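Colleague: So the protein sequences, as listed, match chains E, W and R. Our numbering applies: residue 1 is where the first sequence begins, and numbers increase by one. Our numbering applies: residue 1 is where the second sequence begins, and numbers increase by one. Our numbering applies: residue 1 is where the third sequence begins, and numbers increase by one.
What the hints contain is simulated information worked out from the structure, not anything from laboratory work. Every value quoted in this text rests on a predicted model; they were computed, and no experiment measured them. You may find that some hints are simply not true.
The following label-pair restraints were derived from C-beta to C-beta distances [said to hold, decoys possible]:
(1) Val595/R with Thr142/E: 45 to 55 Å
(2) Ala55/R with Ala132/W: 51 to 61 Å
(3) Leu424/R with Ala132/W: 21 to 31 Å
(4) Val34/E with Leu142/R: 28 to 38 Å
(5) Ile59/E with Leu48/R: 53 to 63 Å
(6) Gly272/R with Pro84/W: 19 to 29 Å
(7) Asp44/W with Thr63/R: 47 to 57 Å
(8) Val27/E with Lys31/R: 30 to 40 Å
(9) Val34/E with Thr579/R: 18 to 28 Å
(10) Asp146/W with Leu322/R: 36 to 46 Å
(11) Thr544/R with Asp44/W: 31 to 41 Å
(12) Leu82/R with Glu188/E: 27 to 37 Å
(13) Val27/E with Arg76/W: 54 to 64 Å
(14) Gly272/R with Ala144/W: 53 to 63 Å
The beta-carbon is built from N, C-alpha and C at its ideal position, and this holds for glycine as well.
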Amino acid sequence: MTDLEPDDQPVGPTGERPGGGPRTALVIASVLGVLMVLLVGVLATRDPSTERVTQSPLIGKLAPAVAGATLDDRTFSLADQRGRWAIVNFFATWCTPCVVEHEELLAFDERHRPQGDAVVVSVLFDDDPDSARAFFDERGGTWPVVVDEEGAIGVAYGVARVPESFLVAPDGTVVQRLVGGVTDAQLEGLLDQYEAAAEGAGS
Amino acid sequence: MSVLRSSGFRRWSWLVIVALVLVSLVRAGVSDGAPRTDEERVRDIAATLKCPTCRSQSVAGSDSAAARAIRADIARRVADGESPDAIRDAIAATYGQDVQLVPARSGLAGLVWVLPVVALVAGLAGVGAVLARWRRTPLTHASAADQALVERALAAQERAAPAEP
Amino acid sequence: MNATLGTAGVVLGAAASLLGIVTVGLGLRRKRPALLETGWSYSLLVLLGSVVAVAAMQRALITRDFSVGFVHDHGSSRTPPLFNVATMWSALEGSILLWALILGGFTVHVAHKFRRRMDDPLVGWALLTMFVVCAFFFLLMLGPANPFTTVSVAAGYDGPGPNPLLQEHILMAFHPPMLYLGYVGFTVPFAFAVAALVTGRLGEGWLVETRRATLVAWGFLTVGIILGAWWSYEVLGWGGYWGWDPVENASLLPWLTGTAYLHSVMVQERRGMLRVWNLSLLCATFSLTILGTFLTRSGVAESVHAFSDGDIGIWLLSFFALVVAVTLGLIGWRGDRLRAPGRIDSPLSREGAFLANNVLFAAFAFVVLLGTVFPLLVEAVQDSALTVGPPYFDRMTTPIGLVLLFLMAIAPVLPWRTTTTEVLSQRLLWPAWIGAGTLFTVVAFGARGWAAIAAFGLGGFAGGAALRQVVLATRRQGWRGFVGRTNGGMVVHLGVVVVAVAIAASGSYVHEVEARYEPGQTRVVGGHEITYLDTTEVEERNRTATKVRVRVDGGDVYEPALSQYAGFGQLIGTPSVKTGLTEDVYLTITRLPEVDGGPVTLRVIIEPMALWLWVGGGIMAVGTILAAWPGRRRRPVDPVSAPIPVAAGAPRSHPVRGPVDRDEDDELEPAGR
Chain E
1 MTDLEPDDQP
11 VGPTGERPGG
21 GPRTALVIAS
31 VLGVLMVLLV
41 GVLATRDPST
51 ERVTQSPLIG
61 KLAPAVAGAT
71 LDDRTFSLAD
81 QRGRWAIVNF
91 FATWCTPCVV
101 EHEELLAFDE
111 RHRPQGDAVV
121 VSVLFDDDPD
131 SARAFFDERG
141 GTWPVVVDEE
151 GAIGVAYGVA
161 RVPESFLVAP
171 DGTVVQRLVG
181 GVTDAQLEGL
191 LDQYEAAAEG
201 AGS
Chain W
1 MSVLRSSGFR
11 RWSWLVIVAL
21 VLVSLVRAGV
31 SDGAPRTDEE
41 RVRDIAATLK
51 CPTCRSQSVA
61 GSDSAAARAI
71 RADIARRVAD
81 GESPDAIRDA
91 IAATYGQDVQ
101 LVPARSGLAG
111 LVWVLPVVAL
121 VAGLAGVGAV
131 LARWRRTPLT
141 HASAADQALV
151 ERALAAQERA
161 APAEP
Chain R
1 MNATLGTAGV
11 VLGAAASLLG
21 IVTVGLGLRR
31 KRPALLETGW
41 SYSLLVLLGS
51 VVAVAAMQRA
61 LITRDFSVGF
71 VHDHGSSRTP
81 PLFNVATMWS
91 ALEGSILLWA
101 LILGGFTVHV
111 AHKFRRRMDD
121 PLVGWALLTM
131 FVVCAFFFLL
141 MLGPANPFTT
151 VSVAAGYDGP
161 GPNPLLQEHI
171 LMAFHPPMLY
181 LGYVGFTVPF
191 AFAVAALVTG
201 RLGEGWLVET
211 RRATLVAWGF
221 LTVGIILGAW
231 WSYEVLGWGG
241 YWGWDPVENA
251 SLLPWLTGTA
261 YLHSVMVQER
271 RGMLRVWNLS
281 LLCATFSLTI
291 LGTFLTRSGV
301 AESVHAFSDG
311 DIGIWLLSFF
321 ALVVAVTLGL
331 IGWRGDRLRA
341 PGRIDSPLSR
351 EGAFLANNVL
361 FAAFAFVVLL
371 GTVFPLLVEA
381 VQDSALTVGP
391 PYFDRMTTPI
401 GLVLLFLMAI
411 APVLPWRTTT
421 TEVLSQRLLW
431 PAWIGAGTLF
441 TVVAFGARGW
451 AAIAAFGLGG
461 FAGGAALRQV
471 VLATRRQGWR
481 GFVGRTNGGM
491 VVHLGVVVVA
501 VAIAASGSYV
511 HEVEARYEPG
521 QTRVVGGHEI
531 TYLDTTEVEE
541 RNRTATKVRV
551 RVDGGDVYEP
561 ALSQYAGFGQ
571 LIGTPSVKTG
581 LTEDVYLTIT
591 RLPEVDGGPV
601 TLRVIIEPMA
611 LWLWVGGGIM
621 AVGTILAAWP
631 GRRRRPVDPV
641 SAPIPVAAGA
651 PRSHPVRGPV
661 DRDEDDELEP
671 AGR
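Pulled out of the complex, with its shape left as it was, chain E reads as follows (with noise of 0.2 Å):
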């Protein structure tokens, strides 16, 4: 079937035709050229996925309870702590970043604990709690460390992956949440930040 002859006959223009109107084709051009116009537009101006950071919806609502067992085998829960900023930091032993911003931490609280305005509050997730303990014994820090046997509290918070940290201001509301490792000049200044914003607002 190959090689053959030109075959297609030249198809005169007949005008009308028995079925469709004769303007159809171009009236279904036009409009699926417009809708593409638009999704072109659209495309051309999505940033790359990876760069979308999804609010926390928790943001400006009351913290979720980080209640429970620690590793110390007392009992903490974030509801006792209104009246001062709280970190609640959710980390696990295995996790590289949270190592390094351990260091962080403890220099946020041994700054804070004195003064008695901002509580660190850890909560473990997907790890157990030898582990963690040999953690601290390590590397230091005396803040609670909330156990997460089964991820609820993570799960509260809708933590993604570790490290992830949350903001809680003294009333009791989730101000910010940090995902990824936090530094203390970081927390530092979103404390100022906030107080600022609040002293202004009051006065």
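With chain E's structure known, arrange chains W and R on it following the hints.
Modeller: Just chains W and R now, with coordinates in the frame of chain E:
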């Protein structure tokens, strides 16, 4: 063979076929409400939520820590007797609406459900309209000019390609 | 050296395509056959350029020449040989290179096939279109996706190797080339569609001449998709094979429009109708290929497989816009004048069924496209993000798929033009028996869920219809009853039925249990005994794998693993599958023992009939080969509605054109019905 080909046999066959289908459907329908286990319910709900750390996997399909924690949370809530929608909403309230793999049926998101139906109906209506028009208009016959065109084309073809061996 | 050679190849390919465009364009404009004749040489140069570039890349990969940017980023001395070859298509730049190679091959195929008709404007325009597409891909490699950048490396440098997920399974060596053969193959009919629109020659000649290329492209695309699903199943570890991920959707979209085309083209060949629609389907298929590549390669859509970012997105999007603008412009300009006279006499006819098939496939494609881009559209309008996930696609496409199955049962036995209920009731009797019998049997055995049992029943119906056609054809034509488009098509249909039934079964009756196992402990999951033996650590060349040894049903030992690839942080889970005729036992590790001899958490998924997906895919591939089998065919210039001979097997002699083939199947029906 002749028995099998007879139209009487065929009519009875079709009746039996229809009866078979109806019996099967009724049988399947009657016992469709079989009680399901909590495990199945958890899996069904988890399959409608996106694993927050993965790309394009559901909570049911992923082994990531977050997915496991969410599965455990769903299991607790199912045990507490919460409805699937309430559970989904609760998870979405902390992880964000985009963990819902099933788009909402209302608002802007609802368009994703409506548009395909509209498109399908429009497509079928278009085809139906054309068919109907064809039915109404009688077949037109070739005009003399058309005939001449065909003659010329056939003649050109003959010249271009003599009969094959 | 490798980089220089490779760049030379790319430059050669780009220059040849650009010169090809200019020369063929001038030839078409000035009507100079001599210029048009040169298209053949330019196509060879394009292929040569891509072959040189690919050879240079493979040489660089094999010799671990880390001074080549691509090898630096994706190569590694630890990668095993086969995966080292496959490294080329494991990342963006190399995959464009593979694309260019295949495109070069198809361009030469077209130029070769039509070498004696180079002065025909239709061929000229088709070749010009092919050169434009070639030029785009070669320019991509000179611009944003340059595989041959040079980097200076310190002595002793070793690259990270390809993405671990792509080193997990041998299918990775075959799935992407197959898929690309499919994607790129559709460029051929697309080029002819553009040529037909430009020249205004919308007859059936070019259709027939690109028919085999289209069929081959479709076959490769089908195989590529099935292999991709199989790869996901064997590697990704969630127990499924299709996640409606943007990458998967991107491969499905051209398959859907391509499948619609394969059916509706028969209406055009037989009745001379639907010309503009067929052209539109080809243009849509090609555009969707480019759009899919954009969606997955630019990083705008979230996906497991998406690689890369950079500025390639805007290039691909611009090309998509160009293709859409040109094709829509051509269709708007020409479409109305070129419509063929003709009418469908009755919806209850073969052409009526094909029309319905096309509406459904178009709707299917629309659902998939909408679902894929909808999150991006919503985000452009409002602030919050939204996800359209697998449940949406399942819910929307299941009814469409079921209606398509129903059509698959009816359409093959429908005669052209019109029919009577008498004929239908006679021809559909046995298929209906098979369908109803299947339905009754599965329900009696306890199958539930309306979608699944409908799929089984309709699958039996459609399978029965396809079988009936094959049996009739072979009874009349002997072994030829298996070849030719219609007969091969029925074999494809059988494959589709097998796939559909497997999808319904594996989707509806999957059963999974996650549990902790102490060493030596046995649990029974879905009737299978799962015994955890022990955990071993295995050092391999490119990874360290922790394998959990599990005995299934007291027989063979299976080893799901978690692997740490050198150069990559995250652990990669490898499932292990006990494949069975009726169901697979799919094992993945959820949690390794924390201490030696501790308990392991395993997830056991019982996946019914998964094997039949791949078998069905194989049947579809065989059917495609049978359909493309060279044989006697209807001549495109034969009158389409000539009286059909009824004498079995006897070719009728045509007054002018010699033998007429019996490709179509109405004549399968015995006389006098």
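Colleague: Regarding Val595/R and Thr142/E, is the given constraint of 45 to 55 Å on their beta-carbon distance met?
Modeller: 28 Å, violated
Colleague: With respect to the beta-carbon atoms only, verify the hint that Thr544/R and Asp44/W lie 31 to 41 Å apart.
Modeller: 37 Å, holds
Colleague: CB of Ala55/R to CB of Ala132/W, is that within 51 to 61 Å?
Modeller: Holds, since Ala55/R and Ala132/W (Cβ atoms, about 60 Å apart) stay within the stated range.
Colleague: With respect to the beta-carbon atoms only, verify the hint that Leu82/R and Glu188/E lie 27 to 37 Å apart.
Modeller: 54 Å, violated
Colleague: Does the beta carbon distance between Leu424/R and Ala132/W stay inside 21 to 31 Å, or does it fall outside?
Modeller: 22 Å, holds
Colleague: Using the C-beta atoms of Gly272/R and Pro84/W, is the stated range 19 to 29 Å upheld?
Modeller: Since the Cβ atoms of Gly272/R and Pro84/W sit about 54 Å apart, the hinted range of 19 to 29 Å is violated.
Colleague: Cβ-Cβ distance between Val34/E and Leu142/R: within 28 to 38 Å?
Modeller: 34 Å, holds
Colleague: Please check whether Ile59/E and Leu48/R have a Cβ separation lying inside 53 to 63 Å.
Modeller: 60 Å, holds
Colleague: At the C-beta level, are Asp44/W and Thr63/R separated by a distance inside 47 to 57 Å?
Modeller: 53 Å Cβ-Cβ, so the 47 to 57 Å window holds.
Colleague: Does 30 to 40 Å hold as the CB distance between Val27/E and Lys31/R, or does it fail?
Modeller: 34 Å, holds
Colleague: Given the hint of 36 to 46 Å, check if Asp146/W and Leu322/R actually sit that far apart at their C-beta atoms.
Modeller: 38 Å, holds
Colleague: Please check whether Val34/E and Thr579/R have a Cβ separation lying inside 18 to 28 Å.
Modeller: 50 Å, violated
Checked against the numbered hints listed earlier, the structure breaks hints 1, 6, 9, 12, 14; every other hint is satisfied.
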